[in-house]
Amino acid sequence: MMLVIRFIFLFYFFLLEIGQSDVVLIATVNGYPLHLKELQYEMSNQRTRVYAYFAAKCDLGETALDWTKRYHGEVPLEVLKKRALEQAVAIKVQQIEMKKHGIDVAINYEQFVRKYEEATLKRKEAIKNGDIVFGPPIYTAQNYFNYVFSNQLNALKVTLMDKKQMEDNSYQEWLNKKLSMAKVMVVTNKW
Amino acid sequence: MKTNLKFAALSAVFLAVACQKNQPQPVEGRNDNLGKGGGKTTMMVGTTYYVDNVGGNDSNAGTSTGSAWKNISKVNSFVFSPGDQILFKRGGAWTRTLRPQGEGISGSPIVIDAYGTGAKPIINGGGARDEGPDGLINTSDDILDGGATILLKNQSYWSINNIEVTNISSTQGNRQGIKIVVEDVPGSSTDEIVQGITIKGVTVRDVFGQYSFDTGKDTGGISLFFYRAPGSASSALVDARFQDIRIEECEVRDMNRGGIFSGCSDNLSADTHFDPNDYPISNLVIRRNIVDNCTGDGIVVRFAKAPLIESNLATNNHSGNESLVQHGVAIWCRSTKDAVFQFNEVYGTQAVSSDGMAFDADLRAVDTKFQYNYSHDNLGGFMLLIRSSENTTVRYNISQRDGRSNAVNRIFHFSKYPTSFSLPGDAQIYNNSVYVYDNTATTSTESVALSNFADNRTKFSNNIFYNQAGGIVKRPEDSSIWEYNHFYNYTNVPSSPTGIYGEGTGVNTNTTGNPLLSNAGSGGNLTGIGTKNQDGSSSLGTQVDGYKITSYASPAYQKGRLISNNGAKDFYGLTVSSSARPNKGAHNGCLGCN
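Those sequence lines, one after another, are chains A and B.
Here UniProt numbering is used: the first residue of the first sequence is 1, the next is one more, and so on.
Here UniProt numbering is used: the first residue of the second sequence is 1, the next is one more, and so on.
Rather than coming from a laboratory, the hints here were simulated on the basis of the structure.
Treat each hint with caution, since some may be false.
Unchecked claim - Label-pair distances were calculated between CB atoms; the ranges are:
1. Val185(B) <-> Arg114(A): 44 to 52 Å
2. Ser578(B) <-> Lys100(A): 47 to 55 Å
3. Ser564(B) <-> Asn30(A): 56 to 64 Å
As the list claims (entries may be wrong) - Listed below are the simulated PhoX-like cross-link pairs for lysine-lysine, each with C-alpha atoms no more than 25 Å apart in a straight line:
4. Lys37(A) <-> Lys100(A)
5. Lys124(A) <-> Lys569(B)
6. Lys128(A) <-> Lys569(B)
7. Lys200(B) <-> Lys128(A)
8. Lys122(A) <-> Lys369(B)
9. Lys124(A) <-> Lys200(B)
Every residue, glycine too, gets a C-beta built ideally from N, C-alpha and C.
For reference, chain A alone in the conformation it holds in the complex (with noise of 0.2 Å):
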């Protein structure tokens, strides 16, 4: 019995640390939850361009970057987050847009786990099965959102330009008007 109760408590902080690590909670925008493993996605896809402008401001050469250093005032690390949210609040006020032009779309990040993975079983057994497919073989959880969200974007602007609310290429431009509009609010700092 007390193996049971033992196990049972094992199991649940096992869940608590999955939770944890997937779908905390580090700024809602109008609303909606954004999660941290959304900000990791846009920190590794920023990370590049971080180092890049740090290599370049402070003419590193081989010198290893300290992302927690402060060079010229400013934090490797800090930049790459407020970066990372930058483009993470852009994304959830498109994905707030689309929801509301009837798009489907996965707007919270367990949602979009639960598709990715599906997704991702139905590819590897079309490998398995010795069908062809297009793009790369297994999609990373990265690449598959970057992949989803670029076909949304499209059926959005599509959308908008079917209901006169968009001419052609201008969409930066109507995305600006909603970004300035959005109400982000930040949960906690700390990530």
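Could you slot chain B onto chain A? The hints should help.
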């Protein structure tokens, strides 16, 4: 299980001892030129060298994680041997061009890869650029970096895997991410050959080359490069070759200007320095890469015989300011023979007024096949054929919502430029399904299926053109032949020659009416689903199944014309008979047959 573990442990010990015994002794400055000429495959066990930018030290031996080297300059000073591995620590980052020395041999390449856990190691070219415009790697800076983050010059049998590459600058310049160079040797009676190069799982981001098509089309992500030998006559033909090149499963993002391409230095002209009947790149495969957001082109293949470009994802390219980047197409070829482009998904190619198509058979592209591709939402259209392209086959593709740009409005485009070349000839465009979608009511009646100059050797057969909002087929100055196509929602339909199935003189074999497709225009993304089943059964799922014919009553069902050498499979992997009349469109399913 225990026995297996014990066996594995013993094997590991044995292998470790064996590896130590067989390790070539690293001798700095040695260059034994192994691999020249290729041919014989020899397996050699090399030495593994580790590079750690935080914990390493260049006075270390470099042969274990605890005694790693620190800097790329150390790596560059060393001559590697066949079978050697150079492993960069994950999470690490370096700013300096990686230009390692040495060559592998067939079966024992020299490998660049990552070790440890975490993010891919970053190698930043720090804005390295070819100091041209003389087109030579000759200035002191050029010799160090050649304008690239990773440079291999006249070195065969290398594998580059699992690293992240960038080459950012605030100003334009002749820059590449990974650049594989072959430079012919003056006075040599044999061709210089670079062979056995594999680039796999590499991410290339933010290479800032040049915007202009004329000066910048060979700047960007991953490149194969022909260079003129110093001292060679300015009119001499290029005397160098690439063989057995694989670029697979890489991510190439945010490039100015190109993604993956083969090109040549500024002082070489594709039309005067390359033998038009010779193709100096052979056995080139570009497969399963993601190429996203290049200001100019996505994938460009030039000077190649029978290159295979398949299962790539080319998205949101030609994204730069068009007044700067001018022309740009997602995937194209020039000066090639027998190129095959298949199973690629291409979308989001931008266009304001110039190009912006998914695919292009460009100048002197001969016997090219574009098949089984899914093209959608490319503003400039689906397909471009340039003058002097010959015998292009475009078949079993799906084009959805391409050519939507108000200014462009086309699906197929046959360019009338440059006028010094002959018109595109002998193009066979058959069994494609094209869904035309217009973005505003005001332009819907002007939507076109194709435009400009297709000559009388160009034949459109068995295609379905499905116009969502209604439109016209626009064929200015065109004499192409149209037969057995199907048009839905068009106000004009091309007439056809006399049919071959007893239709009678004057009867148009191009048909109209609802083709009764499952759900045209419903195609979404293809991720996560099997697409083609080689044994003939479809496992495509629902994403682009909207182009399947659903009824015997469809005017497209078994109403196409027989085409010889038809490829035997449709878009969905279903058999296309060599004797029975096929369907029109990309789906050749036989209703009730299964």
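These are the hints, each one checked on the structure:
no.	hint	in the structure
1	Val185(B) <-> Arg114(A): 44 to 52 Å	violated, 58 Å
2	Ser578(B) <-> Lys100(A): 47 to 55 Å	holds, 51 Å
3	Ser564(B) <-> Asn30(A): 56 to 64 Å	holds, 59 Å
4	Lys37(A) <-> Lys100(A)	holds, 24 Å
5	Lys124(A) <-> Lys569(B)	holds, 23 Å
6	Lys128(A) <-> Lys569(B)	holds, 21 Å
7	Lys200(B) <-> Lys128(A)	holds, 21 Å
8	Lys122(A) <-> Lys369(B)	violated, 29 Å
9	Lys124(A) <-> Lys200(B)	holds, 20 Å
Hints 1, 8, counting from the list given before, are not met by this structure.
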